[in-house]
Amino acid sequence: MSIEKQEGKQKQKQEPRINRRNFLKAGAASAISMGILGMANALPVQAAETVSNSAGQVNGARSKLHPTNYGSASVKMADFNDQWLGTTKIVGPIKKFHEADQGFNLVFRHKVSEAAFEANKFYHAAAKYPLGDALAKFTLSLAPMVSGKPAPEKLNIPDPEQMSQHIKDCAYFLRADEVGIGKMPSFAYYEFKAPPLADMMKDDLSKSVPVTESLPYVIVVMTDQNLETTMASTGYDGISGSQSFLGYHATAVITVILANYIRNLGYNARAHHFSNYAAILGPCLVSAGLGEMTRTGDCIAHPTLGFRNKVAAVTTDLPLLPDRPIDFGAQDFCRVCKKCADNCPSGAITQDEDYIEKNGILRWQSDIKKCVEFRVTNKEGSMCGRCMKVCPWNSKEDSWFHQAGTFIGSKGETASNLLKQVDDMFGYGTEQIEKYKWWLEWPERY
Amino acid sequence: MGTFLVFLAGVLFLAGLLFIKPRANMDKKWKTILNWALYVAWYAITWMGISFIYINASVGHVKATSTAIFLFLGISVVLAVVLARLLGFFGKQQKKANTSLEA
Numbered sequence: 000m001s002i003e004k005q006e007g008k009q010k011q012k013q014e015p016r017i018n019r020r021n022f023l024k025a026g027a028a029s030a031i032s033m034g035i036l037g038m039a040n041a042l043p044v045q046a047a048e049t050v051s052n053s054a055g056q057v058n059g060a061r062s063k064l065h066p067t068n069y070g071s072a073s074v075k076m077a078d079f080n081d082q083w084l085g086t087t088k089i090v091g092p093i094k095k096f097h098e099a100d101q102g103f104n105l106v107f108r109h110k111v112s113e114a115a116f117e118a119n120k121f122y123h124a125a126a127k128y129p130l131g132d133a134l135a136k137f138t139l140s141l142a143p144m145v146s147g148k149p150a151p152e153k154l155n156i157p158d159p160e161q162m163s164q165h166i167k168d169c170a171y172f173l174r175a176d177e178v179g180i181g182k183m184p185s186f187a188y189y190e191f192k193a194p195p196l197a198d199m200m201k202d203d204l205s206k207s208v209p210v211t212e213s214l215p216y217v218i219v220v221m222t223d224q225n226l227e228t229t230m231a232s233t234g235y236d237g238i239s240g241s242q243s244f245l246g247y248h249a250t251a252v253i254t255v256i257l258a259n260y261i262r263n264l265g266y267n268a269r270a271h272h273f274s275n276y277a278a279i280l281g282p283c284l285v286s287a288g289l290g291e292m293t294r295t296g297d298c299i300a301h302p303t304l305g306f307r308n309k310v311a312a313v314t315t316d317l318p319l320l321p322d323r324p325i326d327f328g329a330q331d332f333c334r335v336c337k338k339c340a341d342n343c344p345s346g347a348i349t350q351d352e353d354y355i356e357k358n359g360i361l362r363w364q365s366d367i368k369k370c371v372e373f374r375v376t377n378k379e380g381s382m383c384g385r386c387m388k389v390c391p392w393n394s395k396e397d398s399w400f401h402q403a404g405t406f407i408g409s410k411g412e413t414a415s416n417l418l419k420q421v422d423d424m425f426g427y428g429t430e431q432i433e434k435y436k437w438w439l440e441w442p443e444r445y
Numbered sequence: 000m001g002t003f004l005v006f007l008a009g010v011l012f013l014a015g016l017l018f019i020k021p022r023a024n025m026d027k028k029w030k031t032i033l034n035w036a037l038y039v040a041w042y043a044i045t046w047m048g049i050s051f052i053y054i055n056a057s058v059g060h061v062k063a064t065s066t067a068i069f070l071f072l073g074i075s076v077v078l079a080v081v082l083a084r085l086l087g088f089f090g091k092q093q094k095k096a097n098t099s100l101e102a
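From first to last, the protein sequence lines are chains A and B. First residue of the first sequence: 0, per numbering that gives the first Met the number 0; consecutive thereafter. First residue of the second sequence: 0, per numbering that gives the first Met the number 0; consecutive thereafter.
Derived from the structure by calculation, the hints contain no laboratory data. Each hint should be verified, as a subset may be incorrect.
As the list claims (entries may be wrong) - Per label pair, the in silico range of CB-to-CB distance:
1. T2/B x L439/A: 38 to 44 Å
2. M424/A x F89/B: 30 to 36 Å
3. I49/B x L417/A: 50 to 56 Å
4. G426/A x W46/B: 19 to 25 Å
5. L11/B x Q420/A: 52 to 58 Å
Claimed, not checked - In silico PhoX-like links for lysine-lysine, alpha-carbon gap of 25 Å or less:
6. K24/A x K20/B
7. K62/B x K337/A
8. K419/A x K30/B
9. K120/A x K24/A
10. K368/A x K337/A
11. K120/A x K148/A
If you're wondering where the values come from, they're calculated on a predicted model, not measured in any experiment. Idealized CB from N, CA, C, for every residue including glycine.
Between the sequences and the hints, there should be enough to build the whole structure, so can you do that?
Here you go:
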C-alpha cells in the first residue's frame with residue numbers, strides 16, 4: 000500500500016463522520032420519540048395520560064370534557080370546616096353581610112364620596128364606555144331569570160359523582176373555562192338583598208329583603224377576562240370595565256341555563272350572577288376548589304387563570320359530590336410579591352405582611368372605598384383592573400417557562416420571592432403589548 | 000410543527016455529539032465527563048434560550064425578549080467558547096502530523 004493511501008486512511012479515522020450504523024441509531028431514536036409524542040396527542044385523554052404518566056390531580060368528579068387542570072402548580076387539597084375555608088383561617092363567628100354594604104352599593108348610598116356618587120349615577124362608570132354599556136345592559140336584563148319552581152317530577156339521581164361530572168361537563172359545554180362544585184358556606188349567603196336602586200340612592204334600606212335560601216351545594220362557573228386584552232391594556236383604560244362584563248355576562252348566561260336545567264330535573268336551583276346575587280361568591284369559589292384568597296382582599300386566584308376571571312354560581316340541592324378547596328401556595332406568594340399593592344392606582348391594596356382579622360376571618364384587608372372611588376371616578380377609562388393586569392399569576396400565556404414559573408411560585412416564600420424578581424426582570428405584567436390593542440378609546444366620554 | 004422541532008433538536012443533538020466525540024475523550028476521566036456535561040448544558044441552555052426568545056417575541060413581550068437575548072445567548076456563547084477551548088478547537092498547540100513514515 001502506498002504511503003499516500005496509508006496517510007489518507009489515518010486522516011479518515013481522525014475525522015468525525017456519521018456512518019451507517021450511527022445514522023440508523025439516530026433514526027430509530029427519533030422515530031421512537033415521535034411515536035411517543037404522537038400517541039400522547041392522538042389517543043383519548045385517559046389513554047394519553049397513561050402513556051405519558053401525566054394524569055395529574057383529580058378534585059371531586061372528573062369532567063370528561065375538561066379534566067382538572069392546575070397547570071404545573073404544586074396543588075394540595077385543603078379543607079372546609081369550622082376552622083378553615085381552604086387556606087383561609089376562620090377565627091370566630093362570621094356575620095352574614097348586607098348586600099347594600101357591597102362596595103359599589105356604598106357609592107350609591109353616598110358612603111364613599113359625593114364625587115363618586117355623581118360619577119356613578121345609574122352605573123355611569125361602566126356605561127360611559129359604549130361596549131361596557133352594551134354588555135352591562137344585557138347582563139342586567141338577566142336579573143329576573145335567576146330562580147323558579149322546580150319541575151314537579153323529581154328525577155332519580157343514584158350517583159352524585161356521576162351527576163357532578165355531568166354538571167361540570169354541561170357547564171363546559173356552555174363555554175365555561177373552569178367549573179367547581181363546593182359545599183355552600185352558610186355565611187356566604189347575604190343577610191339581606193339590597194333594596195331597589197332608587198331607595199339605595201336615598202340610603203333607605205327599609206325595603207331590603209331577607210335572604211332565606213339555604214341550599215347545600217354551590218356550582219361555581221368561571222370565565223377568563225381575555226389574556227391578550229389584559230396584556231394590551233393599562234388595566235384602567237376604556238376596555239377595563241368591558242373585560243369585567245365579558246366575564247359577568249358569560250357566566251350569567253351559563254348559570255341561568257344551568258339553574259333552569261337543574262329545576263327541570265326537579266331540584267331547587269338559584270343562579271347568582273352580576274345583576275342578581277343572594278350570596279358573596281368569594282367563599283363559594285374557595286369552597287368549590289377554584290382558588291385561594293389573595294392580597295387584593297376579595298379576588299380569588301386560580302392556579303392557571305390567576306384572578307383574571309369572573310364567576311357566577313348556582314346554589315342547589317341536587318345530589319352532588321363536592322370538590323375540595325385547594326392550596327397552591329398563593330398565601331405565601333401574595334405575602335412576598337405585593338406587585339398589585341405597588342401598582343394599585345388608588346393605593347387601596349394593603350402592603351401588610353400579615354393578615355388582619357375582620358368578621359371572623361383572617362385575610363389581607365383592602366380599602367374597598369378607595370378602590371371603588373377610583374374605579375367610578377377614573378378619568379382615563381372605565382373602571383379599573385390594574386391589580387389583575389400586573390399579578391404574575393394573571394399575565395402570562397401558556398408556555399413551558401411560565402409553567403416552570405407556576406411551579407416555582409407555588410413552592411413557598413423564598414421561591415415566590417425569586418419568581419417575583421424574575422417576573423420584574425422580564426417586565427411581565429407592567430408592559431402594554433400594543434399589537435393586541437383592538438378596542439377604541441373615547442376619552443371625551445371619560 | 001412542534002413535533003418537527005423536537006425531532007430537529009434531537010437530530011442536531013446527535014450530530015453535535017458525533018462531531019465532538021473524537022475530541023471529547025481525554026487522558027483523565029473527569030475531563031471527559033466535564034466535556035460531555037458542558038456540551039449537554041450548552042445545548043440545553045442554547046435551545047431553552049432560543050425557545051424562550053421565540054415565544055416571548057411572538058407574544059410581544061418586548062422586555063422579556065431583549066433581556067433573554069442577552070441572558071441566554073450570552074451564557075450560550077460563553078459556554079461554547081469554554082467548550083471549544085477544552086475540546087481543542089483553538090488555543091492548543093497542534094501536533095504536527097508525522098509525514099515520515101518508516102518502513
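### Task
Given the hint of 38 to 44 Å, check if T2/B and L439/A actually sit that far apart at their C-beta atoms.
40 Å Cβ-Cβ, so the 38 to 44 Å window holds.
### Query
For the pair G426/A and W46/B, does the Cβ-Cβ distance stay inside 19 to 25 Å?
Because 23 Å falls inside the window, the suggested range holds.
### Message
Tell me if the straight-line CA distance from K62/B to K337/A falls inside 25 Å.
### Response
Since the Cα atoms of K62/B and K337/A sit roughly 21 Å apart, the hinted pair holds (cutoff 25 Å).
### Query
Can the suggested window of 50 to 56 Å be confirmed for the beta-carbon pair I49/B and L417/A?
At 23 Å between Cβs, range violated.
### Task
Mind checking the hinted window 30 to 36 Å against the Cβ distance between M424/A and F89/B?
holds (34 Å)
### Query
Would the pair K368/A and K337/A pass a check requiring their Cα atoms to be no farther apart than 25 Å?
At roughly 20 Å apart (the allowed maximum being 25 Å), K337/A and K368/A satisfy the hint.
### 52 to 58 Å as the expected CB spacing between Q420/A and L11/B, which holds or is violated
With Cβ atoms ~33 Å apart, the hint is violated.
### Query
Given the hinted pair K120/A and K24/A, is their alpha-carbon gap at most 25 Å?
Judged against 25 Å, a Cα distance of about 74 Å means the pair is violated.
### Query
Within a Cα-Cα threshold of 25 Å, do K24/A and K20/B meet the stated pairing?
holds (16 Å)
### Query
K419/A and K30/B: Cα distance at most 25 Å?
Distance ~38 Å between K419/A and K30/B Cα, so the pair is violated.
### Task
Compare the distance between the alpha carbons of K120/A and K148/A with 25 Å, and conclude whether the hinted pair is satisfied.
violated (35 Å)
The structure shown violates the earlier hints numbered 3, 5, 8, 9, 11.
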